[in-house]
Amino acid sequence: MLLLLTGLLALGPVFSEAQTAPVNDSVASMSLEKKVGQLFLIGFQQRGLDARLKKFIRQYRPGGFILFRRNLTSTDQIRSFTKDLRAYTLAETGFDPFLAVDQEGGPVTRVPFFPSLPSAQAIGLGGNEALARDFGEESGRLLHWAGFNMNLAPVLDLSNPLKTSFLGPRSFGDDPELTSRLGVAYAEGLKKAGVLPTGKHFPGLGGLMADLHKTTVSRMLSIDVFRRNDLKPFYDFSRMGAVSALMISQMSYPFLDPSGRSASFSPKILKDLLRGEIGFQGLIITDDLQMKGSSLIYSAEEAAFQSLKAGADLIMISWSAQQQQRAFDRVLRALRTGEWSIDELNDRVHRILAVKAGLRAVSNPLPTRIGQGPDGTPGTRRLEQLDLRLLDNKIRRFGQRARRPATLANGVSCVVSSDQRFLASFQQGKPQGNRLFTLRKSTTSQELENHLGQDCGLIVFAVSGTKTGRVLAGLSKKLRDKTYAVNLAMPTALPATLSLAGRLEIGHPHLHAGYRVAQLLQEK
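Each residue of the sequence shown is one higher than the one before, counting from 1 in the numbering used here.
What the hints contain is simulated information worked out from the structure, not anything from laboratory work.
In silico DSSO-like pairs for lysine-lysine, Cα to Cα no more than 30 angstroms straight-line: (1) K478 / K430; (2) K482 / K467; (3) K192 / K83; (4) K309 / K271; (5) K83 / K54; (6) K467 / K477; (7) K271 / K34; (8) K34 / K55; (9) K192 / K271; (10) K232 / K271; (11) K34 / K309; (12) K163 / K467; (13) K482 / K430; (14) K441 / K430; (15) K477 / K163; (16) K482 / K163; (17) K163 / K441; (18) K467 / K441.
Fair warning: this is a prediction, and the values are worked out from it, not measured in the lab.
Use the sequences and the hints to build the structure in full.
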């Protein structure tokens, strides 16, 4: 089956050699403005290194950049842009920049690869630490190949996969022990590939319903329960050492800081808890300070200063160049007036440069070959093999105990999916006796029922999201009683109480899901 990648190409390294002077000497020789620049991780609108972006880099010398889908158009453009950004910033600042991206997998994937990267929830369903580590390493290698050296992942927050939440599939699950093991393993894989792992969102969002991009939120919980559950993945992540990073939540935690300050602005949470009690040695990074969770409290420039004063190392402002400039000026003014100490600035810059030096010391193994999927998306054979291993792992865990027909029914098998690859893959696993139905966005339950008719011995229905889940739920009980549901989406896409002939939770549109399901249903 592993024959879908084509056009394999030999690769060479993409990371430039930066200066090797000791970090202490570097910090001592830097101007105040240059030090302040290192504190900022900025976003922008451009898709290439134009004159305006060059001017900003020359003037403010930022320590890193975060790229979003708005900045990325194609594989060649991504590699060219990251290469240009790195080279120009190195020439202007003397240091490699952080080149960061949100590449969690699943719905939060900025750089597409083949096969598509599974979400944390999909990896959590597999429950396998070695697989989590391998996925982290291979996705890290591909990110490294694309020019990135920092991934804003993994998510270490706990979230019940059976309940609707803001995090949804971004969390490994609600089991503190499993989330800790899988999250740390994934981070270790990224680090092995020369990509800085960034756990988030300390000290934990839990099953948050609200979107912090749009509002402010406070969380109330017993401190003992919180320490035992939510903090465990962060405690364990902190043992990774200095070459690591944690992103801070913009939620407030009155049981940790009675002042009600959000975590990004709380010395009690950042200095006393994270640095002091937990002993975290890596970088402390804010989430985007232009999100409503922050901007409803402070302007971006004041939020930048307050976060640094509270204990943050790296400030993220991802949209407005004007607000980035104001934030830079605000921090510079605080240093010149004594509102913030030079010693604290030097401490932050030393930590940032030490992490950059630590990243350069990693062996940075690139994929030996890059191929292309059917749509031209870059990928590797190893990623395809990992995708199949994770699928097989979940089928072993859930397939035999999942409620399902004892064997594939006699007569016609009607296979329903919005994904052509699932249909083709199922046909490979069971070449004869199938009728394939493609769900379109406009397909209603009644229309599908009319198409299916009465001659389906078994209906295999691949659920790809809440909309297809609603189509399935709208079928008559007579049809649902002979329907085997394969849930390729979140568990919440398919009501747990829905009466069906059988169901299998897979949680991701794995490349060979149809093939493996056909095999499973034909087992005696």
